[in-house]
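There are 2 protein chains.
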Amino acid sequence: MMDYTEINDFLKSNLDQSLAELSRLCAQPSVAAQNLGMQECAELVAEMLRKRNFTVEIMPTEGAPVVFAEQDGKTDKTLLFYNHYDVQPPEPLDEWYTPPFEPAIRNGKMYARGVSDDKGHIVSRLHAIDAILATAGELPCKIKFVIEGEEETSSVHLHDFIQVHKEKLAADACIWEFGGVDHREVPIQYLGMRGICYVELSVRTAAIDAHSGLGGSIFPNAAWRLIWALRYIKGTDERIRIPGHYDDVVPPSERDLQLVEALPEVADELKTRYGVEHFLKGLTGGIDLRLAEIFEPTCTICGFNAGYQGEGAKTVLPGYASAKVDFRLVPNQRPENVLISLRNFLDEGGFEDIEITYLGGEPPARTDPDDPFVDLVVRTAEPVYGVPMQIAPMIGGSGPNYPFIHTLNLPVATAGVGYPGSQAHAPNENMRIDLYLKGAEHITRIIREFGNSDL
Amino acid sequence: MMDYTEINDFLKSNLDQSLAELSRLCAQPSVAAQNLGMQECAELVAEMLRKRNFTVEIMPTEGAPVVFAEQDGKTDKTLLFYNHYDVQPPEPLDEWYTPPFEPAIRNGKMYARGVSDDKGHIVSRLHAIDAILATAGELPCKIKFVIEGEEETSSVHLHDFIQVHKEKLAADACIWEFGGVDHREVPIQYLGMRGICYVELSVRTAAIDAHSGLGGSIFPNAAWRLIWALRYIKGTDERIRIPGHYDDVVPPSERDLQLVEALPEVADELKTRYGVEHFLKGLTGGIDLRLAEIFEPTCTICGFNAGYQGEGAKTVLPGYASAKVDFRLVPNQRPENVLISLRNFLDEGGFEDIEITYLGGEPPARTDPDDPFVDLVVRTAEPVYGVPMQIAPMIGGSGPNYPFIHTLNLPVATAGVGYPGSQAHAPNENMRIDLYLKGAEHITRIIREFGNSDL
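From first to last, the protein sequence lines are chains A and B.
Our numbering numbers the first residue of the first sequence as 1 and each following residue consecutively.
Our numbering numbers the first residue of the second sequence as 1 and each following residue consecutively.
Treat the hints as calculated values from the structure; they're not laboratory data.
Computed from a predicted structure; not experimentally measured.
Mixed in with the good hints, there may be bad ones.
Straight-line alpha carbon distances no greater than 30 Å define the calculated DSS-like cross-link-like pairs of lysine-lysine that follow [said to hold, decoys possible]:
id	chain 1	residue 1	chain 2	residue 2
1	B	314	A	271
2	B	77	B	109
3	B	74	A	314
4	B	51	B	142
5	B	142	A	281
6	B	144	B	74
7	A	314	B	142
8	A	77	A	142
9	A	144	A	51
10	B	281	A	314
11	B	51	A	314
12	A	168	A	12
13	A	314	A	271
Stretches of chain B that chain A covers, calculated by requiring three or more beta carbons in the stretch to come under 8 Å of a beta carbon on chain A [unchecked claim]:
id	segment
14	216 to 222
15	314 to 326
C-beta atoms are modelled at their ideal positions from N, C-alpha and C, and glycine is treated no differently.
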């Protein structure tokens, strides 16, 4: 059993400096969607890493650069941290109590755009590394950072980047960009993400809109065409009708069922938070609801746009309509297969006129819950949080974990500073300072145990 | 055969004064949708009528006032003119070559918002009355004007107004607010209009939008609900599936078929103007296309709004969706019946969650093509236009003709200054001055023949 007294003293006594550094990072806008401050932020992150003796490269991509850093340690075993320095757009600005790029501390929380997603995670990891270097003089293992700048815009260049720099990124395990506690203050280990295939379906039936009194009985209507095509894809039974869509679906294992069974009930919380009266398919709660939430493929209409949408009546027949459609995928579905099957299915149904535009995707990917690195991360959480960490074998959302798991062949685990009230992606994004300290402490334990392990 | 030399001389030699009066009327904005200048315009119209010795009342409604005017003539037979002084909003302003409320004459046309729809019709009728009064000293029959201020906002108060003032509005025949020539310069008699039932369908499935990664497999999606409900109402066969929807439909008569057969081919012109590649239901042109255009009930989606509609991808699950839906009705369908049947049909299909908001409607109405007044209006057009007037038994659009035909029991015929290039409802609305003169001359003939007829 390693001693953490000295390390914890360091973390506490240097907390204010670390928060000041985080504040400086959050004050630098880095909005990927608006291409705002990206290079400046990459350079600031690089500077922060160099200060800790990391060898740093700002590596170009076709989009925002990736900050890559490495530092040798006592052993050659390598721990890779994946993070991102880009943030969501801060809008709507008038809903922020303090400006999004002027970090402010109130009631034990720091408020700023990006403070939780993902800059707090970055700086808490540096704070942990500082503690280790200050107390031991060197790292117990090799550490690499891959800090990208396009996570909030679907990490479109990351897969290629990882493929090309496979050797440089070689490691033995990976800590993901997020992690934290749930609404009960219980730390959760998130072990996989659904994939996604996001498309825009659109159709043009006329060069210009027509008067509905003239065209109603004789002109094709773009809105009707798109409605019929969508209903052809999925009906009220919620089953996706594309042939073969479920063929590659791997059902949850016995171990998955055990893990999901152990997770807390979410039904009432979801109903209250979202104002939903009932769930789909007769689900009412319990393990069935939690399994459906993460282990089922979905087809979600995220938006639909056609014709007149203002006040009152306008008698117009739309010549153009479009819909945003998000397919969530579970192992072993693939976004590229969905694209092909969807095109064929629409064509077979007489919907050759519906155009498909691919707006991005990720394959699903999971880390084995019984991987020894997962055990290490879970085990080291308990002394920090005072309760055992629980394992969620999958989450419903998506992210670029596939190339880490399948190209770099790494077990990927989560550890971090998040909590359900962080308002990531929303106004008044914030981070709890107590969890910042706990997150840093957990990271020191992960690094030290990893350095001394046989993994 | 009456002599028109003196009348035509008057119309021509006083044309400039009449156009100056029209210009003054067009310079007065009267945008019903924006409640802009309505009272001022009603007073200006009243003043113009009083100048011709009409007894005028500005009669309040719950919306814009109606200008009612009457003047006795040689006989008690009464001709009623229905017009409207309100105009469409002028936006988008930057597409006008000259400002919409600063009338300008170029290339034989007057340009202004409302010059064709409907102020040119009003003043050309006054110009005709001036010619008759100047040459004969009195009107050959009684004339009434009903000039409303809400035609462009669905004439929502006109039905009640006509019901309440049935005695005051009593007449023997009615000239409608519009009329004119087609693209071949052939005057057309439009004898009926489809009805309309315009609704907004909406559904709320959650108080707030959810993340699609979280809610996709467990939350009801408002966009999907509305798409399924709409597909339930109409499929790709274009047949409206509401039970009984076609029960009251009166098919076109032999006489209707003859009249539609005689009308010009429209297929190529429609395809070119709207950039449409093909028509619905395999229609390619000829009488079948023209019959479908006007004698069939329709269900048109005029707009659909749900979730994210901006650039790129946003992974959101919409809690609210709405659609504007326009049912065109043919005799003897009724908008109030459609509302009831639609509610029942949605409920039976499990779509109790879809809310229906009624945004306005008109029943369909037609005048018998063999009515003697129609014959009078058609007959008097030929010497003015040099070619026989053709009869279109119906048009695809809708208007408030029902209470004139069924409450006041009047034959309703069209005569006016319109032409296909008038850009009514669009920027650079205009009126051809040659057709203004012809329209006025046609009105003088209608009034004089009507005064001397047995109708």
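Consistency of the hints with the structure:
| no. | hint | in the structure |
| --- | --- | --- |
| 1 | B:314 with A:271 | 22 Å, holds |
| 2 | B:77 with B:109 | 35 Å, violated |
| 3 | B:74 with A:314 | 44 Å, violated |
| 4 | B:51 with B:142 | 17 Å, holds |
| 5 | B:142 with A:281 | 70 Å, violated |
| 6 | B:144 with B:74 | 14 Å, holds |
| 7 | A:314 with B:142 | 37 Å, violated |
| 8 | A:77 with A:142 | 6 Å, holds |
| 9 | A:144 with A:51 | 15 Å, holds |
| 10 | B:281 with A:314 | 25 Å, holds |
| 11 | B:51 with A:314 | 37 Å, violated |
| 12 | A:168 with A:12 | 34 Å, violated |
| 13 | A:314 with A:271 | 36 Å, violated |
| 14 | 216 to 222 | holds (count 6) |
| 15 | 314 to 326 | holds (count 11) |
Checked against the numbered hints above, the structure breaks hints 2, 3, 5, 7, 11, 12, 13 and satisfies the rest.
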